[in-house]
Amino acid sequence: MMQFFISPTFWKTVLASTTPVMLATLAANMMTKSGIFNLAIEGTMLICALTGVVASAFTQNLWVGCITAVLMGIAISFVFGYFALIMKGAMNACGVALNLVATGGTVFVLVMLTGSKANSSALKSLTFPVVNIPVLQNIPVIGTILSGHNLVTYIAWVIVAVTSWMLYKTKLGINIRAVGENPAAAKAAGLNVIFHQFVALAICGVACSFGGMYLSMGALKSFTTGMVAGRGYMSLAMDAMSQGNPVIGCLSSLLYGFSDTITVYLQLYSKIDLKLIDAFPYLFIIVVLVIIQAIRTMTARKKEKLASMQQAA
Amino acid sequence: MEKKNQKKFDIMDYFSAIRIAAALLLSLLIVFVIILFVSEMPGVAIQKLMTGPLETKRSFFNVIVRGIPLVFTGLGLTLCLKSGIFNISSDASFYMGAVVATAIAISWPLPNIIHQFALIAAAAVVGGLISMLPVIVNKYTRVNPVVLAIMANSIFYYFGLSIISSFFLEKSGSWGSYKFPDDARLGTMIKGTSLHYGFVIVIVVTIFVIFLMNKTSFGYKVRVTGSNPAFAKTSGLRTSFIILMAQFIGGAIAGMGGAIEMVGVYKRFQWQTQTNYVWDGLLIYMLANGNPVFIPITAFFIAYLRVGAEIMSRSSDLDPEIVTFLQGIIILLVASQRFLYFLKKRHDQKLSLQQAEAEEGGAAA
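Here the protein sequences line up with chains A and B, keeping their order.
Going by the working numbering, the first residue of the first sequence is number 21, and it counts up by one from there.
Going by the working numbering, the first residue of the second sequence is number 293, and it counts up by one from there.
The hints are simulated quantities; they were obtained by calculation from the structure and are not laboratory data.
Backbone N, C-alpha and C define an ideal beta-carbon position, used for all residues, glycine too.
A hint or two may mislead.
To give a feel for the contact side, a few chain B residues facing chain A, derived at Cβ under 8 angstroms [as the list claims (entries may be wrong)]:
id : residue
1  : 378
2  : 478
3  : 481
4  : 512
5  : 516
6  : 571
7  : 578
With a cut-off of at most 20 angstroms between alpha-carbon atoms, the simulated SDA-like pairs for lysine to any residue come out as follows [claimed, not checked]:
id : chain 1 : residue 1 : chain 2 : residue 2
8  : A       : 295       : B       : 460
9  : B       : 559       : B       : 504
10 : A       : 137       : A       : 246
11 : A       : 295       : B       : 478
12 : A       : 137       : B       : 478
13 : A       : 325       : A       : 314
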């Protein structure tokens, strides 16, 4: 039964189902690094998923749809930033509010446009193409795993690479991290705190919009209500695991892809109740997170103890 | 001196009341504008949304029935949030409360009244324990309790659903558990309406929470811990214990809500989707400004809007989900501290001017 572990298609599915969560985790990473807690990632992804579908259906141009959704993602993130940072709202509450706006608004718009509450199959929306990488696809196992993914998957890898380079190697990234680490100190050093946080929010919006578009224009061919299904929240757990580092965040989101794919296989091959298996990704992620964090806090406490002992000596 | 402080406090409350009212009006206005633009019969839609529930006796009592679970989640959240921890696991408590109630209702034959009492008490205990989980895990791992609570909501939803579908599922017909026996259900209070005896329990629980939060030392300790944990700790309060107890009571109230909703409104367990009462509860908490006295009022207001939206969608071309959208905008406006900040600023300036004048007068004399 466990032989699916060695099949390349299993690992290909893992990479595919990692994509949206990887983008969402990147968004959450940016937020952590700039000192914001953004629950609205879930809602932003949902809104962008619908925006991409609607814009591409009405213009019949994939790139217009894509750019509209990206702009929408940035706009929603800025709305969050406006209420949370400038109007000084509680970040938790603003996130919850935007998620409600997203769940209510997407259904409302969907009914207005298609008359259906469930999905957007009435609209002729476009999807991102599948890309076969020329030389790579001919290599036996690696080719099957790495080639033939949706274009958004490759875009996601590029975004993660560029963002982590930006965060650690450029002045802008260092400033953003400084703002997140200690806003008061950054302000004293002459940095514009709000500006840097809004730059981070813009990157968060771009990542969320690609995550949303992967769901409605890549993995599926239409928008269905509530299709983000907790991936945005899951990304916050992945972000806690990686503590804001995009590369580790990318790796830890592979954990989600892995558990999500296993869920599908388990539902096919095992006799456990289907609904209980559905809980598996959440349970798996939370257990891993709790173990990692418990070890981290324990070592941190030990270090503190050592330091105080050294001081005493 | 004491009296003066009292007055100051009242003015602060007055300010937040204006702010909340303005936020409500502004968001309603936004929704009306949207309706004007997209609907073909905006007049009917707005009229049904605002006065629909008052048109028939049945829909009016529907509002009250819909409000009952909202009051429970609102009160539960009040205790959880007042202790300073953003623990929104009420949904898990609520759902599991309903599951436990279903299990006891179906599998334990008990006499009337004792049966209801047993299943509500069991649901309360389970709900309370679930609500403590995120806080306990947070203490040892320092993971954000919001993340833990949201994960708990999903995990316990699937867990509860699988309990129902593997032990209590009736095989024939549509998806649902076996029927509850009559002596497990809460009877209807007024014939011809859907109002059940849960309404009485709601009143009792509301009075209990108001008493607990405003008149007992425990309530005061919770509020102190929530508003300034460092101060509470240095004053010798056992903050971890107080926070845990607040989560337990809050979760217990949410669990009770789940049980009462299940045996009061439904004949069998039919919830196949996540209930998501916690977001409504959060809005209710924020509109009530964290004061348990106002929780029932705001809860019934939200229920009124929900029922109104359903009536609206039946007689016009609009979808009831616009109320969820409306709720989001209300939370955004109520949450932002700088909304109508100039009012507070002006008042503060006036106050400090008066103080300065008084001091000058004192010095001259």
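**Item:** Hints violated by the structure (listed by number, smallest first)
**Value:** 2, 3, 4, 5, 9, 11 and 12
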